[in-house]
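**Student:** Take a look at the letters that make up each chain.
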Amino acid sequence: MISEEIHDASVVAPAFDVQAIREQFPILHRTVYNKPLVYLDSAATSQKPQRVIDAIVHYYTELNSNIHRGVHRLSQDATTAYEHARKAMQQFVNARSSREIIFTRGCTEGMNLIASTFGRTAVGEGDEILISEMEHHSNIVPWQMLCREKGATLRVIPISDSGELRMDEYERMLNERTKLVSVVHVSNSLGTVNPIKEVIDIAHARGIPVVVDGAQATPHISVDVQALDCDFYTVSGHKMYGPTGIGFVYGKAELLEPLPPYQGGGDMILSVTFEKTIYNELPFRYEAGTPNIEGAIALTAAVDFIRQTGYEAIAAHEHDLLMYATELLSEIPEIHLIGTARSKAGVVAFTIDDIHPHDIGTFLDREGVAIRTGHHCTQPVMKRYGVPATNRVSFAVYNTREEIEVLIRALHGVITMFR
Amino acid sequence: MNELQELYQQVILDHNRNPRNYGELQDATCSAEGFNPLCGDQINVALVVKDGVIEDVKFTGSGCAISKASASIMTSVLKGKTVAEAEQTFDTFHHLVTEEDDDVDMESLGKLAVFAGVREFPARVKCASLCWHTMRNAIEGSGEIISTE
Ligand SMILES: Cc1ncc(COP(=O)(O)O)c(C=O)c1O
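Respectively, the protein sequence lines represent chains A and B. So in numbering that gives the first Met the number 0, spot 409 of the first sequence is number 408, and the numbers just go up one at a time. So in numbering that gives the first Met the number 0, spot 128 of the second sequence is number 127, and the numbers just go up one at a time.
The shape of chain B in the complex, shown without the other chains:
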């Protein structure tokens, strides 16, 4: 596989075509909006968090294949996790897409492992991580608009 094929794996292309958990979340307890001014990506992440557990999470917005697939997979992975586990997962994910080393616990990443190819494309790291930053912002309830710049 060349680097491009590794970046745009079938799983990513599939989530881009048919994003999961896309749409408004009626009874959301928190939400936040994120922007990537470089490419015009815009995303809204809404969650239902009860007793420290993410019961539901959905997103809306527009963006490139990487950012859409990332939001789609993130929302699938986060459902049922505690807030602390979500933070932990974000850290591992961030390590995966930014660091050259192989010190990541691929097993704990599960489906997120398909984003391993992103690290070869520094210009695209922001696309992959925008939804995560936005999710964290929603939970922290700062309410500020987050930008990857």
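Okay, chain A solo, but in the shape it has when bound:
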């Protein structure tokens, strides 16, 4: 009864207060070159709210000790906090069990973990692995390495001029040799939100497992791995208001259970003799060595921040910024947008006639505006659009329309200087 809800004042969300959000991010108050910082590079890494910073400080002030091994109080408390973080991640992506959550350094390590455990088992000589033309290098290179090792072939789903997956081509490319599909949920260089549920369903109809690169998805959209039914999903903490050096892999327990370990060492074993080692159970078998304990704990604080802000509010605000920036940029004749998919998250990439992005980035920097210029670890995307590099503006929940106006004024300055 949507219409009723709209009239019921009690369920109308309070007006979004971006200033209250900004208050939570201390770094947004600093200046660069005596100009207020305008941070439009959140797709590279997001800024961190105070509560995430506090969580790290609290860990080292109150809890620091090694986990899973001490009987003493600190070790117990740290272990509890770390395993609580795992539970929080389980709930965050709605996994069935916290055994399905493996902490990693980030998405890159996540992909390498999947490739060298599941990939090595599932892919053999003459088999095919299917990725897309819009993948980040971290979802290309591990599969290339695996293909070389196994004598398998890497195949690539093309994208359209607007930056959307060619779903017709995708279906055509699947065949009995396809052992695995690995596709990005949200593109970091084009902003495209892929129809990931459809991608998964199409592969599953042929019994093919699907890996999803979620690095750019979890900062913006709510992810339910059970509803998606993906086989593996990688998450990067530092893109979603958490610290660097932490992320996780979700993997279906029944797929993880029979796999070989990823790295050997402490924590991943039950017993070691020089003759034989018995590996630990899930998920510890995949987490060799002392992990990023404070990272996992602080990631919990980042998840709390997202939950409290609400994905709906985040999405609505970022969509407004995306529309506003797209509109203002489109009004400048020298600017050419790259990536105009119908469904996009907060990324606008563009070129300005023949002005090189690196020059643009330097100019904007002196105006206090931080954007990313370059190939964004997606060189095949640059090749697809015939450009050496692009300018990328990306948003998080703390950005404002005023910041976009500062950007636009600075871009006019660049164009004038290079005219």
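Since the hints were derived computationally from the structure, they do not count as laboratory data. Be careful, since some hints might not be right.
[Stated by the list, open to error] Going by beta-carbon spacing under 10 Å, a handful of chain B positions derived as facing chain A:
1) Asn17
2) Tyr21
3) Asp40
4) Ala64
5) Cys126
For every residue, glycine included, the Cβ atom is placed at its ideal position computed from N, Cα and C.
Once you have looked at the hints, place chain B with the ligand on chain A.
**Tutor:** Below, chain B with the ligand alone, put in the same frame as chain A:
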């Protein structure tokens, strides 16, 4: 002049728009390719070196204004110089774009002096020096692809 205007002087903007010595060099005696993975700059420097003298030098490739202007001015400056003089000039140039002190012989730099502003932009030093590294690599004939990383 603010730092940006000093970096992007008219001379640099002009060389960026109309690079000199841009194109293939038919009878090159040596050449090398250089990359700057940070910004995707790519350059090829080809030279005609006879009896230790650089008779001709040209470049091709794509890159930012700083790297294009640097290659354009470098090729203009190097023509007619001996290999030893080219090395010397590179050293002076490198000092100019990286060091804070003023121990550079600006007179000997001639046209290259317009790159003095680069030192205020550490992220751009590689852009300015890529063509020089590539030139040196070509002459040394190592044939390796050079990267500024
Ligand atoms: C789409 C995508 N995948 C993977 C990665 C790599 O993630 P991480 O930095 O956590 O290794 C990134 C980050 O740049 C990304 O944007």
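**Student:** Now, for every hint given, state plainly whether the structure supports it.
**Tutor:** Now the hints, each set against the structure:
With a least beta-carbon distance of about 12 Å to chain A, the hint placing B/Asn17 at the interface is violated under the 10 Å criterion. For B/Tyr21, the interface hint is violated, the least distance from its beta-carbon to any beta-carbon of chain A being 14 Å, above 10 Å. Nearest Cβ of chain A to the Cβ of B/Asp40: about 8 Å, under the 10 Å cut. The hint holds. A hinted interface residue such as B/Ala64 counts as satisfied when its beta carbon comes closer than 10 Å to some beta carbon of chain A; here the least separation is about 5 Å, so the hint holds.
At its closest, the beta carbon of B/Cys126 sits 7 Å from a beta carbon of chain A; the interface hint therefore holds under the 10 Å criterion.
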